[in-house]
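Residue numbers for the sequence shown follow my numbering, beginning at 46 and rising by one.
No lab work stands behind these hints, which were simulated from the structure alone.
Among these hints, one or two may not hold up.
As the list claims (entries may be wrong) - The list that follows gives simulated cross-link-like pairs (lysine to aspartate or glutamate, DMTMM-like), each with its CA atoms no further than 25 angstroms apart:
{"#": "1", "residue 1": "K127", "residue 2": "E137"}
{"#": "2", "residue 1": "K127", "residue 2": "E181"}
{"#": "3", "residue 1": "K88", "residue 2": "D207"}
{"#": "4", "residue 1": "K88", "residue 2": "E181"}
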Amino acid sequence: MSRPTIVAGWYTPDYAHYANALIASLIQHGTPETLIRFVSVEKPNQGWARNAGRKPSMILRAMDANPDVRLLWIDVDCVVRKNPIPFVTTIEADLTLHFVGRIIDKFGYTFLTTATMVINPSARPLIERWAQLATEFPNVDDEATLALAIPLEAGATVGVLDPALADNDWSEGDRSIIVHDTRGGGKRRGKWLGPVKRLRRRTRALRVVLGLREADIRSRHGKIER
Numbered sequence: 046m047s048r049p050t051i052v053a054g055w056y057t058p059d060y061a062h063y064a065n066a067l068i069a070s071l072i073q074h075g076t077p078e079t080l081i082r083f084v085s086v087e088k089p090n091q092g093w094a095r096n097a098g099r100k101p102s103m104i105l106r107a108m109d110a111n112p113d114v115r116l117l118w119i120d121v122d123c124v125v126r127k128n129p130i131p132f133v134t135t136i137e138a139d140l141t142l143h144f145v146g147r148i149i150d151k152f153g154y155t156f157l158t159t160a161t162m163v164i165n166p167s168a169r170p171l172i173e174r175w176a177q178l179a180t181e182f183p184n185v186d187d188e189a190t191l192a193l194a195i196p197l198e199a200g201a202t203v204g205v206l207d208p209a210l211a212d213n214d215w216s217e218g219d220r221s222i223i224v225h226d227t228r229g230g231g232k233r234r235g236k237w238l239g240p241v242k243r244l245r246r247r248t249r250a251l252r253v254v255l256g257l258r259e260a261d262i263r264s265r266h267g268k269i270e271r
């Protein structure tokens with residue numbers, strides 16, 4: 046079904062310079078300002094994971110404000126090289142994002158990143174489940190709780206993001222339209238240093254939660270479109 050697409054996201058005041066750069070790059074490359082929706086929210090003094098864990102709630106807020114609209118959700122520490130909207134208008138999976146390798150084969154888990162996602166209105170039950178888990182496990186980051194939510198929301202369709210649209214935080218992203226800067230200052234310090242640290246952190250977080258959710262995870266599986 047054809048539906049409008051907007052570019053959306055959120056940021057805290059200390060990331061305002063990133064947001065300004067991303068919005069400027071979107072406008073420079075032809076994305077209409079009316080289709081750009083980024084909101085600033087205050088940053089609680091509760092640590093990085095709790096702040097990142099607000100992402101599913103922010104997505105739900107954007108879905109409420111923009112019903113029946115496809116969201117191209119981008120972390121603000123990104124820039125674009127072209128208008129990205131024409132490249133996502135045919136994506137119909139509920140949620141589309143990057144998957145990179147397996148973390149825990151026993152449960153079929155796959156490492157994922159949420160820096161760039163395509164979110165259709167039909168993803169709402171999955172996003173609500175994600176928000177529920179983020180609230181239940183406030184010290185676990187958003188990507189780990191999403192990894193838990195996907196197999197628990199059995200009816201969800203989850204697609205794999207084309208790396209030509211966005212880099213996946215495990216590559217240099219030299220040919221991607223959306224480039225995620227997780228290395229700081231617009232400079233990438235090496236291909237593997239940042240991702241390895243992120244993988245260690247999320248693996249530890251998943252071990253904590255898996256002990257509480259093993260029965261649910263083993264009994265329910267999401268449908269993955271590849």
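Each hint tested on the structure:
1. K127 / E137: holds, 21 angstroms
2. K127 / E181: Violated, at about 38 angstroms.
3. K88 / D207: violated, 32 angstroms
4. K88 / E181: Within the cut-off at roughly 19 angstroms; holds.
Hints 2, 3, counting from the list given before, are not met by this structure.
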